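Spelled out, the chains give:
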Amino acid sequence: MGQLIKNVLRRHGLLLAFLVFLAVVAVNAEAFLTPGNILDVLRQVSITGMMALGVTFVVLTGRLDLSVGSLLTLLTVIVVDQHNISGPFPAIVMTLLAGAAIGAFNGLLIGFVGLNALIVTLAMLSFLQGLVLFYSGGSNVNVQNAQDTWFAVFGRGSFLGLPVPVLLFLSGAIVAGLVLAFTTFGRRIYAVGGNETASIFSGINAPWTVFWTYVVSGLTTAIAAVIMGSRVMGAQNTIGQGYELTVLAGVILGGTSLLGGSGSIWRTVIGISMLGFIQNGLLLLGYPYYVQWLVTWAVIIIAVWIDLGAKRGRIFA
Amino acid sequence: MSHATETLPPASLGKALSWLLRNHIWVFLGLTVLVFSFASPYFLTVNNLGNILTQGAFIGILAIGMTMVMIDGEIDLSVGAILALASALAIGLQDVVGVWPAVILGLLSGTALGFVNGTLVALSGMHSFIVTLGALIGIRGLVFVYTGENALMVQDFTYTEIPEIYLGPISLTAMLFFVLALFFQWILSSTRHGRETYAVGDNIEAAHDAGINVKRHKIVNFTICGTLAAVCGILLSMRLGTAEPNAGRIWELWTIIAVVLGGTRLQGGFGSMWMTVGGVLTLAVLRNGLRLLNTPNYVELMVMGVVLVLALVLDKLLNHRKVT
Chain A
1 MGQLIKNVLR
11 RHGLLLAFLV
21 FLAVVAVNAE
31 AFLTPGNILD
41 VLRQVSITGM
51 MALGVTFVVL
61 TGRLDLSVGS
71 LLTLLTVIVV
81 DQHNISGPFP
91 AIVMTLLAGA
101 AIGAFNGLLI
111 GFVGLNALIV
121 TLAMLSFLQG
131 LVLFYSGGSN
141 VNVQNAQDTW
151 FAVFGRGSFL
161 GLPVPVLLFL
171 SGAIVAGLVL
181 AFTTFGRRIY
191 AVGGNETASI
201 FSGINAPWTV
211 FWTYVVSGLT
221 TAIAAVIMGS
231 RVMGAQNTIG
241 QGYELTVLAG
251 VILGGTSLLG
261 GSGSIWRTVI
271 GISMLGFIQN
281 GLLLLGYPYY
291 VQWLVTWAVI
301 IIAVWIDLGA
311 KRGRIFA
Chain B
1 MSHATETLPP
11 ASLGKALSWL
21 LRNHIWVFLG
31 LTVLVFSFAS
41 PYFLTVNNLG
51 NILTQGAFIG
61 ILAIGMTMVM
71 IDGEIDLSVG
81 AILALASALA
91 IGLQDVVGVW
101 PAVILGLLSG
111 TALGFVNGTL
121 VALSGMHSFI
131 VTLGALIGIR
141 GLVFVYTGEN
151 ALMVQDFTYT
161 EIPEIYLGPI
171 SLTAMLFFVL
181 ALFFQWILSS
191 TRHGRETYAV
201 GDNIEAAHDA
211 GINVKRHKIV
221 NFTICGTLAA
231 VCGILLSMRL
241 GTAEPNAGRI
251 WELWTIIAVV
261 LGGTRLQGGF
271 GSMWMTVGGV
281 LTLAVLRNGL
291 RLLNTPNYVE
301 LMVMGVVLVL
311 ALVLDKLLNH
321 RKVT
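Quick mapping for you: the protein sequence lines, in order, are chains A and B.
Position 171, counted from 1, in the first sequence is what this note's numbering calls 171; the numbers after and before it change by one each time, with no gaps.
Position 140, counted from 1, in the second sequence is what this note's numbering calls 140; the numbers after and before it change by one each time, with no gaps.
None of these hints come from the bench; they were simulated from the model.
Wrong hints could be hidden among the right ones.
[Claimed, not checked] According to the in silico footprint, chain B covers these stretches of chain A (three or more CB under 8 angstroms from chain B):
1) 124 to 131
2) 247 to 253
3) 289 to 296
[To be verified] Here are the simulated lysine to aspartate or glutamate pairs, DMTMM-like style, with alpha carbons at most 25 angstroms apart:
4) Lys-316/B <-> Asp-202/B
5) Lys-311/A <-> Glu-196/A
6) Lys-316/B <-> Glu-196/A
7) Lys-215/B <-> Glu-205/B
8) Lys-215/B <-> Asp-202/B
9) Lys-311/A <-> Glu-205/B
10) Lys-311/A <-> Asp-209/B
[Stated by the list, open to error] Covered stretches of chain B (in silico footprint by chain A; criterion: 3 or more residues with CB under 8 angstroms from a CB of chain A, positions within the stretch not fixed):
11) 123 to 135
12) 142 to 153
13) 244 to 258
14) 289 to 301
15) 306 to 316
It should be emphasised that the depicted structure is a prediction, and the values quoted were computed from it without experimental measurement.
Every residue gets a Cβ at the ideal spot worked out from N, C-alpha and C, and that includes glycine.
Next up, chain B with everything else stripped away, as it sits in the complex (with noise of 0.2 angstroms):
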């Protein structure tokens, strides 16, 4: 390699060159945005900017739980059932208990199938893919029998008023992600659960002979991942109106394919929710960036494969430089 040490750059430039493959996703992503700006003139407005941000969101909220239990080495497939419990639980019920316990009862659903999740998958030693798809399946279930195979409206529409708060051209939606990222990024790096976190999914043998409860660890995680559907499942209902059987159909895919696009490794022990936010955000502009440009449907779907390969296709090559 010596002959290679000549051309090297300066190492302040390497440093930067080497943050920004490791962070390649926020290089794509302005890419992605530069792109846009110049194809579309409605693209790079403040109010467009807005939308992107409220649109990421709710895929965003799921992919902060995602990233939590996949740096965990663990995946969670029941994200969209418990989205869809939560917003049905949130407005069936208001005609019951009122707006804000039913609000609660909602949340609470999601943190006590999270809670199933984890407990199911710490004391079985099954893989999480298989329990999250029973969970998966057998939730969707659950909300078509609550909701009679039919969509819920809300009798109230002063529901539908509580998220539309904005600062500037930033909703709260957006603004309870940005916070939730942050929150969860500060857990992952300054708390002795992020440390855990990173140590269970690089290595659970090591990680259980340093001491760590693994167990427990789970249990955690899959209900953080759980409430956050439940809190991302209400704010759809708050913004619809209405709660549909079906809502966050295929959804876990979409929060899979960020999660991933950000950077964060299936097999565990490494990622963040910096990762998380790139690839959330990538995913956002490009969806939205696509309809602005008025392309059909489909040209939207196969994008987002060939983007998701590319992705892994970088991340290996990046990864084995590093080995090598």
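With the rest of the complex left out, here is chain A (with noise of 0.2 angstroms):
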């Protein structure tokens, strides 16, 4: 019994000290834990979710991807300015088409080239930063016709009483899920981020595996745009700043390791909801907005240490 409770410590302890936070929370908010605030945490979280879905794959391969903050804001101007010339239908088609191949070129640089993750997608989100602005001429762009376009489904809509963006981000873990758990792609994966010598002695092309992780990235980076624009009906240039971030201490946070080879879909899907109730509660607690990112530092930490102290036994390295 003692062993099992040590186990269970050791294996979930975050889930654990989330239901405690959970739990605080609750008993100091009463708005907290009913449907409806339940459903907008979901709803807030769904586009940085969805992005970390596709960031899980490559950080799985033990590699990064910085560029996903900068690569959403240009393409809900994309997937906005393209509603407005060509329809929602080519637009949404046009921007998961931008999504993959720009995802497509951080994997040929960093699979096949070989060349440092961090620093392949850093410049590359200068570069999209640079394209951003030479794409909207520097002023937003928004969509002309917001009243009666069948766009608006994916950021505002609702479905069986679930909003529509919280379907599509829980739809996209399941089958992101699946693909992880019980496909070759998703053994491969694993493989490569565990060990990538291995992996290719035991005849894994491991360059084409990270591409493809590159790609993934990129097209949920594109669904999340496609839900940003739909939502705001609009895009600002500076929209996704600093999503890369939100997202990355969201796959950290559900215990998925840097060094790859180590994590899963519904840990990401724990860590990023863990950040967006975190913000809710503490301003559902009347704190000022900004402390929720003291807090998230302190989680970060907190979260990542036992964790790996879990994983290795003892606390201190």
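Dock chain to chain to rebuild the complex, using the hints, since each chain is given by itself in its own frame.
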């Protein structure tokens, strides 16, 4: 029994701490655990959550993608602008293609040329910010016929009482989770992240695997951009600024290792939702907006440290 | 390889060539200066060159600390946030404790946060990317809470005249940058701490087995990095006379770009202050030159991305040559 408790704590300590946090906030703010508020939080995290799904693929191979924030900005601008020019359906297709293409370019440089992922995606961050300004000419774009377009369904609609962005996020998470758990692609990702040399010797084409994870990351960011564009019905040039950090924070908080090979989609969903509930809970408790960032800092350090300590069997390195 | 030996250039030329290949950033810097000199009549003037040095010095001071941390094989993403906090404290506390005590408290805040980062990395064994990513978010939150989300204005404008000391066209800020670069190059190449930095970055296990106190060593370097970030923040507050909560946002990225452009490797164990100074100046020259040519803002961002990838490819090619 004691062993069981120890094991549960070791494997799910983070989850338990999160439940305690939920309980504390719920006792102090009665609006917190109402269905309406929970759906609100889920709706807020659906965009970062969607991006985090793809970034989890990348991080599982032991690499990083810092370009998703700028990519979100670019793709939101594209989807809104193209919506005005050629209608919702072509706009969405174009956005998905653009996201996949830019992801593929990252994947090419990182997977095949073998350049450092952090620097390449950092360069891409800068490049895409430039591209956004080039494309939009520095001005904000808005959906012109915001009232009567079916494009609104992605960010504002609801289905069976659930907001569509939440449904998109959750179904995306299920698909991503199934891909990671039950397909050869998923197993290859874990193999490459766990030990790249060993994976190559086992006949896995590691460059291709890495390449496809970046395509996935580009695609999920494109879906996030569709949600974002539909929800805001417009796009500023800075709309996705800093999102790469929130997304990474969520992935890390879930316990996916930056070294690769260890982690999962459900952990990312937990991590990113935790960030959302912390933000929402602190606001409901009446703290100033930016206090949540301080709490995020503490939570990241504590969560990752506990996770690492549990794996290592002792707290200090 | 025997057929190649005949075509090899004489030893002195070969040496010069290999020096150039190892310090390719300086070659690149020379080329950019040359190009911009031809492209814009305003570029190669004493005034403008002085300007470039001052503009580059801010990222440069951050880059010095970042280089120390990167040679260690670590990274510090929190420098931009530490900079903002130091500049906010230096201005915000002036009414309470006076100018110089406020400046010192600002500095100490950077030292303390660098120490916290280093201690967390050393004690927990977490990757510094995670630790400083957390710090980047948290410290920025602290800045917003402290400033109440407003820009703080300095009351007494003599504060903004403190760094207005010039040696010819070179400002005090630029001089400070070069003095710090020299000092830390000396640390790296001529002191025990410097040798240990390379040893830890190259092979941490071997460094530990050789008797180096790896934990204390890392804490020292993160503390240096935090302190220098605060120095940059205070210089910025003096230059602007205000401290806005968003100051230094994504400067950590520019800093990493400058250091990597110089040739210091993220994997650790390799790099120098000379390279970093080269990277910083190249970045400053590119930004300044493109602006003089009246290019729109986005060109600068796109050029920076392309140059960074090219630098990485070049580094890879050169590195490959050495191995084979």
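Each hint, compared with the structure:
Counting residues of the segment 124 to 131 of chain A whose C-beta lies closer than 8 angstroms to any C-beta of chain B gives 8; at least three are required, and the coverage claim holds. Against chain B, the segment 247 to 253 of chain A contributes 3 residues with a C-beta closer than 8 angstroms to a partner C-beta. That satisfies the three-residue criterion, and the hint holds. Counting residues of the segment 289 to 296 of chain A whose CB falls under 8 angstroms from any CB of chain B gives 7; the rule of at least 3 is met. Our distance criterion of 25 angstroms between C-alpha atoms is met by Lys-316/B and Asp-202/B, whose separation comes to about 17 angstroms.
For the suggested pair Lys-311/A and Glu-196/A, the alpha carbons sit about 21 angstroms apart, so the restraint of at most 25 angstroms is met. At roughly 19 angstroms between alpha-carbon atoms, Lys-316/B and Glu-196/A fall within 25 angstroms of each other, so this suggested pair holds. Proximity of Lys-215/B to Glu-205/B is assessed by CA-CA distance (about 12 angstroms); at most 25 angstroms being required, the pair is judged to hold. Of the pairs offered as hints, the one joining Lys-215/B and Asp-202/B holds, with about 15 angstroms between alpha carbons and a cut-off of 25 angstroms not exceeded.
Restraint check: the Cα-Cα separation between Lys-311/A and Glu-205/B comes to about 20 angstroms, which is no more than 25 angstroms; the hinted pair holds. A C-alpha spacing of about 24 angstroms is found between Lys-311/A and Asp-209/B, which places the hinted pair at or below 25 angstroms, so the restraint holds. Closer than 8 angstroms: that is the beta-carbon criterion, and the segment 123 to 135 of chain B has 11 residues meeting it against chain A, so the requirement of 3 holds. Here the segment 142 to 153 of chain B counts 4 residues with a CB under 8 angstroms from a CB of chain A, which clears the bar of 3, and the coverage holds.
Using a Cβ-Cβ cut-off of 8 angstroms, 3 residues of the segment 244 to 258 of chain B lie near chain A, which meets the minimum of three, so the contact claim holds. For the segment 289 to 301 of chain B, the proposed coverage by chain A is satisfied: 6 residues have a C-beta within less than 8 angstroms of a C-beta in that chain, meeting the threshold of three. Only residues whose beta carbon comes within less than 8 angstroms of a beta carbon in chain A count, and the segment 306 to 316 of chain B has 6; three or more means the coverage holds.
Of the hints listed earlier, there is not a single one the structure fails to meet.
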